[in-house]
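Asker: Here's the letter readout for the chains.
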Amino acid sequence: MRRNQPTRPQGVTRREFLTRTAAGAGVLTASSLGLTRFAWGSPKPIVLGLHADITGVAATYGYWFQRVVKAAVDKVNAEGGIAGREVKLVVADTASSAETGPRNLRQLIYEDEADFVIGSVHSGVVLASAPVAQETNTFYFSGGAMSASITGEKASPYLGRCHTHARMQAQVGWKWAFDNLGKKWTFVVADYSWGRSLAQEFGARIRKAGGEVQVIKAPPRTSDFIPYLQKVHGDSEVLFTAFLGSAALGVMRQSVEIGLHERMKRFSVICTADGIGMDQIGKEAVGMHFLSYHPRYLDQLPEAQRPYEAAFRKAVGVTPEGRDVSNPKKVIVGSHYWSGWEYVGLIKRAVEASGWRSKKDNKEFHKAFFNLKVQAGPWFPQGDLMLREEDQQGFHNHYLVRVEKDLRLHRIAVLPKEQAVYEPPVDLKKYWT
Amino acid sequence: METARPVAKGGLTARDAWGAQRVLVWAPRVGAAAVLAALVTLPPHLGYFNQIFLSEILVWALFAMSFDLVYGYTGLLSFGQSLFFGAGGYAVAMGVSRMDLSALPCLGLAVAVGAALALVVGFVAVRVSGIHFVLITIIFALIGFLVAQRWVWLTGGDDGMTFACPPLVLGGWEVSIAKPIRGYYFTLAVVCAGALALARLVTSPLGRVLRGVRENELRMGLLGYDERLYKLCAFVVAGATAGLAGGLFAILSRFSNPAFLHWTTSGKAVVWTIVGGPGTLAGPALGTALLMMIEHLARRVMQGSELVVGAILIVSVLVAPQGIVGMWRKWVRARERK
Amino acid sequence: MAQLALVIVNGFVWGWIVALIALGLNLIFGLTHVINIAHGAFYMLGAVVAWYVVEATGHFWLALAVAPLAVGLLGLGVERWVLRRVEGNPVITIVATFGVMLILEHSVLLTFGGASQRIAPPVTARFPLLGIQYPAFRLVVMGFSVLAVAGVALLLRRTAVGLWMRAASQNPEAALALGVPVDRVYFITFGLGSALAGLGGVLAAPIVSVNFLMGLDVLILAFIVVIVGGLGNLPGSVFAAVLITEVEGVASLYVDPTSARVLSLLIMVGVILWRPHGLLQKAA
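Protein chains in written order, with this note's numbering: chain A, -18 to 414; chain B, 569 to 906; chain C, 28 to 311.
Misleading hints may appear alongside valid ones.
[To be verified] When the alpha-carbon atoms are kept at most 27 Å apart in a straight line, the in silico DSS-like pairs for lysine-lysine are as follows:
(1) B:K747 x A:K411
(2) B:K747 x A:K341
(3) A:K212 x A:K329
(4) A:K344 x B:K747
(5) A:K410 x B:K747
(6) B:K747 x A:K340
Note that these hints are calculated values from the structure, not bench results.
Computed from a predicted structure; not experimentally measured.
Looking at chain A on its own, in the form it has when it is part of the complex (with noise of 0.2 Å):
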């Protein structure tokens, strides 16, 4: 019986693995040396680390950083670099886990040197690399990353945001949902952080309006969702979904396939169907209201940053109608990417300001980055953009969108920036003094 022979070792396959992937280094770092275009003897690179979720649950997010980031780090060296340095890019991927990307982020403060690093859209993430880059003195921006803590109970002073999260989805978008959709709101949200943190925020508003809530959180990783759709009150007006991952796109589904379109206005954040086709949840996606932070398609924007918008979309390889060039299946995740354009730009402006040369200098960066008056530009597609020291946040325009017809994702109202803001439950100034 074949089963049961013994095999001869093969002790080279192992032996042979690790000479070829060393090779493999060898060629990717010879690559990314090359075609520089800062000569001989000019100042010492800035390495700028990427830490994206390559793998794992959150890998298109991953996907789109790389595009972005990339695209953003050859602008900014085709133009001169930053402070006359060259901008060196190196990648590290998070597994979409926290037990991965810390130790990933290690690497690429302490091996690869990072100066300053663009994180990953995964909020657990975010928090376990926390520690990480205190201990490192290195600015650890979030790349999309939604939980409210990360600048607020668990503010850190080497983690910054610039765009919207949770709480502040809540706080600049329910007012017109209230007053447009409807007074009675069933969530159905998953049963996490995130997930629970959008009902209680969006929920406790609603209610201190008089308006009425009911709330209705399923295990994360749902398959069936009829035992709690069927649930929805009968006379809900507003039905507000919040999953991730294939149960993001099942739950919408489902909602559809048990007619609850026909008589509730549905309502969610983006998150939920950013890098999805609206065509994917079918034509009943019409009528859908999305909370954006930045519109799919480029004939949605205002007409100011249109062409700034244009501009970046040509960098990433980006189509108007928000689809890879090479591959018009893959949805761009167009309302989270943009962070990490900007960031670059960012940090560009606060290097130059502050005269950053090394991370002693980091004091002062903080004080300048945190400081920028930040208009629509070139660096600057989602728009202006107020940065607040105390909590290291960030505050933009936000967008509300609906899906008509054409199954496209209609710009319907804008929600400025600056009711985006709340009080900052932290003030991280006193460390920095």
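Using the hints provided, position chains B and C relative to the given structure of chain A.
Answerer: Quick look at chains B and C alone, frame taken from chain A:
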């Protein structure tokens, strides 16, 4: 069944056989001493990242050894180790942030929590064996994961908890172990202590009973041993060890997260142990170190590195089904017999 | 009351769908004792292949034929080149199939991408049922599940191959001595089990969407169903699948859904302790 063994070329002389026996006895000891010497002397020259990475490998090696005690020595395929590891991490998080404890009391708490949870899970699980045992431990780990995500007030939910590195207080001395090299030596000391305790245990009379339970449960029962009690005993010790590893990991990384409780974390220990060689303690440690390094290096140099890691796992179990250390022992014994 | 009735009806339908996903695992684990960690990945692959077929041709029913075939062929390859040498040692099959799972999931991530995609259900009708609109497609999937379970049961009970399969699982040595080609039986069993996983993937995809990690969502559920139902016991595993979906659905009417899931898991622990040889069998 025809079993064609590869036959060594030429006969072996008596002198060779004596040499082989010497190899069996001395090579592991010399190897262990060399590894320990390297672990003590090399790290200061390695750079911060490698110091921390090495600390992590040590912690996960201890975790794999805790699994080896239940699986390799007692024959219980437990997927519950992640529960004890994760809970140990939370014990340290509580100890630091709520009780303001120093490093050693924190670890004591982690051990206690791991042991207590293992007692509860084990009490139920040892009533069944084989795949039923596997499933029950998976279910408990899954429940632990769901609960940790749910009880935000206790665990911080899936954002986890972050905290400061607790100091090490010995007698009247207070030392910070926040620096990578100090954290490393602290980890090395604790892991060595844990590993030595496990090694003592498996060579003790209790260890022999456990192996007896693994080999023939019925016979041990007839001989008057309460096999369930012995299984539970091994399970609790392993739970305490996994709790210790989880606590150490939390001290090193200064955060804890529900993801560690998920049964897939236990799966890592299973993979490392099988590849390294179950029932040997050294094997799981070796498997952990090799696979963690390969995985890390592969991920660093290429995208899609999991394809390579997957292939390595497959090839490894096809080539060495008894694991690396098991293979080595078999090889030496085969020579010895000749 | 209508809510309770609806949850019970839906639990029954969904239970059959879960039973379909677990059916292949039941064959593989029940008959060859391979602990196939890659089962979820085979299920996912079925959905992904179906998505490509539907994208290219627009025909769901074609995908329903092609995807299980493709996944079944892959399963045959995995048995022949990976598992054949380690069968008989369940723990080692965990590591080997874990390696297979890593390779499959990440191959799909590299080609298909990380974003979820959808396959449009071929049947979009829905009908009023106890206060909601119920999608008819679920009944179609349940119908396929009934057919698949019945087909496999017939295969095991009424054909020579089925007899060999049962013999090889109960006592491989004796079966071999009696002239059963055990190797070939395992080969076929694994291929068939993989094809059934692929079938489950195709049929579930229009309901749950296609994603490279979707296999992880069902892996443990499938194992629970197979083990609680009793190894190789097809009616038992259907019963277990319906039981777990009913308990979770009904409980989530009264407590929050996560607690309902914890409760249903605890009940499964109880069942394992009470009837370790399968729900429908008396203790041996």
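Asker: For each hint given before, does the structure comply? Return the numbers of the non-compliant ones in rising order.
Answerer: 3
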